[in-house]
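**Student:** Take the sequences, apply the hints, and build the full model.
Number of protein chains: 6
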Amino acid sequence: MPIASLSEMTSGQEADLFLLMTSKEELTTKTGSPYFKVAFRDSGREVSFPIWDNSPWAADCKSQWAPGVFYKLRAVYRETNFGPQLEIHKIRETTDADAADGFDPAMCRPQSRFDPQAMFDELLTIASEQIGDTPLGPLVESILRAHHDELLQAPAARHNHHAYAAGLLEHTLSVTRTCLHLAEKYADYYPDMTPPLDRGMVVAGAILHDIGKLRELDQQPEGTTYTAEGSLIGHLLIGRDMVRDAATELDIDTETLLRIEHLIIAHQRLPEWGSPKPPMTPEALIVHYADDLDAKFHMMVAILRDDTNPGPTTSRRNVLRQEVFRGLAESAE
Amino acid sequence: MPIASLSEMTSGQEADLFLLMTSKEELTTKTGSPYFKVAFRDSGREVSFPIWDNSPWAADCKSQWAPGVFYKLRAVYRETNFGPQLEIHKIRETTDADAADGFDPAMCRPQSRFDPQAMFDELLTIASEQIGDTPLGPLVESILRAHHDELLQAPAARHNHHAYAAGLLEHTLSVTRTCLHLAEKYADYYPDMTPPLDRGMVVAGAILHDIGKLRELDQQPEGTTYTAEGSLIGHLLIGRDMVRDAATELDIDTETLLRIEHLIIAHQRLPEWGSPKPPMTPEALIVHYADDLDAKFHMMVAILRDDTNPGPTTSRRNVLRQEVFRGLAESAE
Amino acid sequence: MPIASLSEMTSGQEADLFLLMTSKEELTTKTGSPYFKVAFRDSGREVSFPIWDNSPWAADCKSQWAPGVFYKLRAVYRETNFGPQLEIHKIRETTDADAADGFDPAMCRPQSRFDPQAMFDELLTIASEQIGDTPLGPLVESILRAHHDELLQAPAARHNHHAYAAGLLEHTLSVTRTCLHLAEKYADYYPDMTPPLDRGMVVAGAILHDIGKLRELDQQPEGTTYTAEGSLIGHLLIGRDMVRDAATELDIDTETLLRIEHLIIAHQRLPEWGSPKPPMTPEALIVHYADDLDAKFHMMVAILRDDTNPGPTTSRRNVLRQEVFRGLAESAE
Amino acid sequence: MPIASLSEMTSGQEADLFLLMTSKEELTTKTGSPYFKVAFRDSGREVSFPIWDNSPWAADCKSQWAPGVFYKLRAVYRETNFGPQLEIHKIRETTDADAADGFDPAMCRPQSRFDPQAMFDELLTIASEQIGDTPLGPLVESILRAHHDELLQAPAARHNHHAYAAGLLEHTLSVTRTCLHLAEKYADYYPDMTPPLDRGMVVAGAILHDIGKLRELDQQPEGTTYTAEGSLIGHLLIGRDMVRDAATELDIDTETLLRIEHLIIAHQRLPEWGSPKPPMTPEALIVHYADDLDAKFHMMVAILRDDTNPGPTTSRRNVLRQEVFRGLAESAE
Amino acid sequence: MPIASLSEMTSGQEADLFLLMTSKEELTTKTGSPYFKVAFRDSGREVSFPIWDNSPWAADCKSQWAPGVFYKLRAVYRETNFGPQLEIHKIRETTDADAADGFDPAMCRPQSRFDPQAMFDELLTIASEQIGDTPLGPLVESILRAHHDELLQAPAARHNHHAYAAGLLEHTLSVTRTCLHLAEKYADYYPDMTPPLDRGMVVAGAILHDIGKLRELDQQPEGTTYTAEGSLIGHLLIGRDMVRDAATELDIDTETLLRIEHLIIAHQRLPEWGSPKPPMTPEALIVHYADDLDAKFHMMVAILRDDTNPGPTTSRRNVLRQEVFRGLAESAE
Amino acid sequence: MPIASLSEMTSGQEADLFLLMTSKEELTTKTGSPYFKVAFRDSGREVSFPIWDNSPWAADCKSQWAPGVFYKLRAVYRETNFGPQLEIHKIRETTDADAADGFDPAMCRPQSRFDPQAMFDELLTIASEQIGDTPLGPLVESILRAHHDELLQAPAARHNHHAYAAGLLEHTLSVTRTCLHLAEKYADYYPDMTPPLDRGMVVAGAILHDIGKLRELDQQPEGTTYTAEGSLIGHLLIGRDMVRDAATELDIDTETLLRIEHLIIAHQRLPEWGSPKPPMTPEALIVHYADDLDAKFHMMVAILRDDTNPGPTTSRRNVLRQEVFRGLAESAE
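Chains as they are written, first to last, in my numbering: chain A, 64 to 396; chain B, 64 to 396; chain C, 64 to 396; chain D, 64 to 396; chain E, 64 to 396; chain F, 64 to 396.
Bear in mind the hints are in silico, worked out from the structure with no lab data behind them. Just so you know, not all the hints are guaranteed correct.
Any copy, or any two copies together, can satisfy a pair, since identical chains are not distinguished.
[As the list claims (entries may be wrong)] Calculated pairs, EDC-like style, for lysine to aspartate or glutamate (alpha carbon to alpha carbon, straight line, at most 20 Å): (1) K100 x E89; (2) K125 x E88; (3) K153 x D123; (4) K125 x E89.
**Tutor:** Here is the structure:
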């Protein structure tokens, strides 16, 4: 039996799979029978389905299967009215020997839909083309290059948004593209601003605004946690430190450095969101809005995808703490 | 002496001008001498300067000149270290006879830098090209056409932002352009959203989000005030009414209408800003951010232009209730 | 055995009953034995009692009984120190055939203690007698008549207060009676108000303030949910729409219509409670207070009735999120 | 010339008057001329009018007249488009000798429209008839009688509402009447409440809720101020002290005393309004609502009477910090 | 076998123990096996450990053991990597006969580490030495003496801090010591304050600030609850009553009494924490800070001791609702 | 005539003085006469008094005297019921030649009551004695020494507290002394804390908590302003930078550095006061409370000294935005 990737299987296909068990919950049917709801995933798809009380796997599920453990399964993948499901034929924990068949725990980690190296390259290209000839160009480039390997892995958050490998890169690139457009637009719209809008500052700020997350978060197989520095200091201040450290070896004037430092610590705008100062420059204002929209939009997309509340709106139990409208004809089953 | 437009004069030029006096403030010099600070404007420029105690105009200024009155002046325009100033040679109130020389009170009303008809045409073009073939196209178009004349005049607010003739149009067009870009971007970024992002909804929402201001605000020569309906109901609900009324004659499905209605009342996001519901659709989220950024950016530009606080930052006494950074070398004199 | 109504049984009586099972919870005694706490209800009474581990019904309860299902029971009703209980002798799910014995699911829906038609008639009478000769009289009357059937059924809320059939009518009538008194009182107290207090406006506002709930809420056998329109727009705006729609066919002057529209959208007073404007007329102020008191009073009565916390006060886990004082001698068992 | 009462004069009448000057403000006309706006009052009417720069009284007004001083005037009273005004023919400060003509400073203090003794008697009657046979009856009666003289004078607040002599009595009576009605109503509406609604508690609470203001406020000719005890402790706690002190000589059971004490300290409901506890009994809930409505209604009436903002709504610079709607045809001149 | 005190046992020791079972929780191992986590305590130590599914005690634990019940155990105490544990050899409920062996339920109640009588004596000594010759000395002394017995038992709170027998005394003494130091310090620092800092007031305030908790809380074997008076009135007002009552028999001037009353009701500073007035005297300010620090410090110490979150910081699910830093090397196992 | 120091003059003494005019306000007497209230100061005393309309200095005061200018006066100093006053005999602006008589603008700057060098030495001694042998000792010492000259001059704030030369040093020393005591106390009180309380961290944190103010504030003769860095970044982050920079040359372990950095940015506790993180260590908690009390106590002392409101309490128009109790017998005249 070939080893398949869960995210590429089609309904009805049988294959061998290396999967991570991500949850096991004991529930009760409407009539009072106990059953387990289990979930397995690889990097691109998660499947959640019941193990009924009368299933041949019920006993093993109850006493042996555990979330956080990697398994080799032989199973049929089916897309049903209740969503995608697995019909398990065989299941055992993975062993070291499975590496020979290509097993690697990283296979099961959720990951950006986009190629990390390509995203990194695009960021570098933007930096080079848009601000290469300004003092901020070398600053941005040196920071990106110095953190190339971490950026290809790092998530943007523990849970809230882009919480997967290379999620930070994905979010950063998206914010940067929006900022490029907005900087262009507002520079044209207000040609007489004093001082004029600094488009390079907007682009550099977009690329660097969350850079401190590289040291705030610690991504482990079992999940992402905060580092001590992340908890006690936070990514805004850490990101500013990274800029200041990089700047010592470059030739950047005082005001430019002050403005980019300010932009980073101000980009969350409200004190209760962690910014000790509100955006006090037009450049910081733009980065704040582009960042906030990108995060909130991602959350809303995820809520629409994951919520299982029946009816035209989702429940309020989500990261936005509000209902989202699914549509009159789109009620969850 | 030719009649000139204040906004087109160059330093040192003398001309006759029709101007509105906009403020007269009695102040005291550092050494205790009283003087008046007066301001005059036409549609494109406002000039503010002192009338010293020993000026030949001091007595007239004190007892006769009054804000809100139109004057004909002969004066020399000078750009000085203290900003642009007028050296008055003659001054008298305007009379009916001045109409013959081209005087019209509307000449002195602050006005958008952009041509209202051109902005209107661009909005119509966007509506036609981007959503002409959706149910929202005819809706947007019919509302725009029905309010053509008011839109060419209406301000976007009493004081806060775009508070001048055609300011509503200018703000609406700017928001719409941003929304076009963001809708395109996020539709590409999340091709698998369920339901898919409705770009037409975003564009229609951008064009219509503030349409209720046409009936919320009443623009008079002395200034803009709230209508009774504006005070008691507010532009969010009025705008929704205008959409509902227009929709009765068109063929729009229930859900589309519900979504555009929701977008309008939710576009200010927070209850304390007047929205009874937060944005519950991705389309409403985008319009909120594009709108909020455009308004805040305009405020920041105006604060940087108008604030007279010495030092590298402006004062906090402005519409944003925060300091804005002017730059290390840009301290106001 | 006769079919009885649970709410009319006396302690010790045995009868056949059609009941809805409303909850089934697995709990543990102080010594660690598992048991189930179940609840059954008809339209006027809910009874909650334990099924001990050694009960003959224990197995059926565990594996077969389910909340949301209708049952025919033969049982003895007893009022004990632990509240009213049922001693079950027979139990089976209802069948279509039970309709012949008078079974109808609506029998088990919680319902106002008051006769819906009588309440409706009283509202109509008030409208006719108090404001029949004002422009608002026909408006109120036409809306009441147009929604007669829904009003006889609709609840006032999903959970918070008057959350049962005809609850909206019960709450509306109570608010209207209070408003009648307060309008009379304050009109007498301030005879020189400018403009004078409009008693008809107060009465009309009381009757119509929550009318939008007819379209905000959807009452189903399994419980009340929000409609899409209810979630995205809310009952304040919907209620105003209903008034505006009804007004198009009547002869109402602009100001009267504006005032009643304002009253409806302002009646919850605070933005965070959904009102985009605070009460800006004395009439709106009165309706707000009468409404808020009626809802809060109902909540407090329900908390005192339902809370099972031992001690002189209830717990804080209730809709008011505060303790309520039960009395020194009234500690729950 | 007869001595008249300002509040009883008719337009065009000339008379001698004893009045208190209540304000003197230096203002500037639209054309820059300085003038004074002065106000005079007796107990029932306040008149505010300009003294123009060219008035024969201009010099005296500027250098001699002072707010807080009593004057004897001979003047003509006129009701004009700009409100009631006085045309002064003679004016001098009052002297001791004026007492012979009936002058008494108390003549000029603002005062309730209602007869204080009659209001006091009505409160006593309510106490006697409604709760005379309950433990709270003697408590209320003894407190009222002990403070008879102060109650006939005391204001309900420094500025916010009922801020005039006997204002406390007027407000208390109004709240008590409302509470009588509501207690009756809700006792009928919820006959099965446990414990039953205590109507005597509601009435006693209404009468006593603000009794602490007798010691919180100090009414002086120049205006009402806070006592030290009022500032440091506040009328809620002082009122409770007064009840506790009075109760020591009466036979009141623990729970009744606890409930009335709670009602007093909880009647403002929110911590930020001074209540350390929210209303935790139905009786306290009713008194809160009746009190709050009475105060807010009084404020709204006063705002409608005093605001001079042009247009259909008042300004926001008032005790409610919001606009109040005056009516489409009622714009202030 | 000797009867031992759990808190004095050393690892490996076997003894007979009288213990209170404080919790029993059904959990599941990572592989899905059910087990119970139980906890037992005496006055000085609490031990929490698992009863595995295959333990000889598993069945008894499940069906018979119950939290809140006292047991006599024969057990070996062991300090392991998972914390201190008990290996149970025998266990039975206590009987009346155990009193003969010294059993008393109070043995198992959590208790201050410090000797209550010694703390009480120190407070009295401070009162005598520091303020014995001021009017507040006799006041403080009489209140302390009158409540000697309760103070030796009372906790400072239900859960939040010092929630054990004599906890109120421990907290009060700690606050008093801090206040002694601060009063000394600030009196020296600001010798010219008007009026001068009253050190006796600070000390008296420290001793009395929480005295009302004696009547707010009711400490029972099963736990501490609020009294009716505590819920409806609160310890700030009750404490002030106690001071006022004690003062009636002493000779205290009005202002001193007013200041100590104010200090007590203001010591929590914020309305939402229950203080109807903020500290308005320097003495009240000092007591607030000393008290707040002492409570928060205690909470933080307890969080660091009890939290079981892995990683360098604790979880946020604690009384401070924030993370506390444990240290880079101190991660919980 | 000898040159005297204003702060050392006694009532009735005449002398020559070098003083800074600090304010000039045009006011009106109760009877409407205009006058000026002027204030002059040297480093230790400020005197404020009226220049009546009929004073020989009235004209010069009006047209020539200006705040911010230094004057040489010959005057008699008198302590009156209205506070200390000056009877001016001669007055002229200072000239360069006055330097010969000892004039130096710094003579007139408000200044700490304490000797700056002595305070600096005490801080150094504390650092040396208390933490000299810990890694933080050299860090603190190096920072203090590097900023010796600025510390002898710097104020602690623009207006709020210790807003005078060496005010930062005075505040820092006071906080450090309190922290020494509290660290000792709580280390003794909780000997078993894990990790143990780090007294050196508390002391170092106290000394360094506000060190960033050296670069946040810019003290000029005309007053203290914020630097650009102070406005855009703030003293919490700047202070942390100073610690990090100093640490690069010292041997400090990662955790110690992280803890002191955290302490500095967390010492204001609330996000709205500028702290992006709350105190997450016991050491940070202590410094926060000691600092906050010291600042608030200073404010209250200053309010009691400066407020001129009549009556037993001050007005609310002060930095604490609340009334402060002055005492029953201490009403301001």
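**Student:** Please go over all the hints and tell whether each is borne out by the structure.
**Tutor:** Results of checking the hints against the structure:
| no. | hint | result |
| --- | --- | --- |
| 1 | K100 x E89 | both (6 Å within a copy, 19 Å between copies) |
| 2 | K125 x E88 | both (10 Å within a copy, 19 Å between copies) |
| 3 | K153 x D123 | within (12 Å within a copy, 34 Å between copies) |
| 4 | K125 x E89 | both (9 Å within a copy, 15 Å between copies) |
In the structure shown, no violation is registered for any of the earlier numbered hints.
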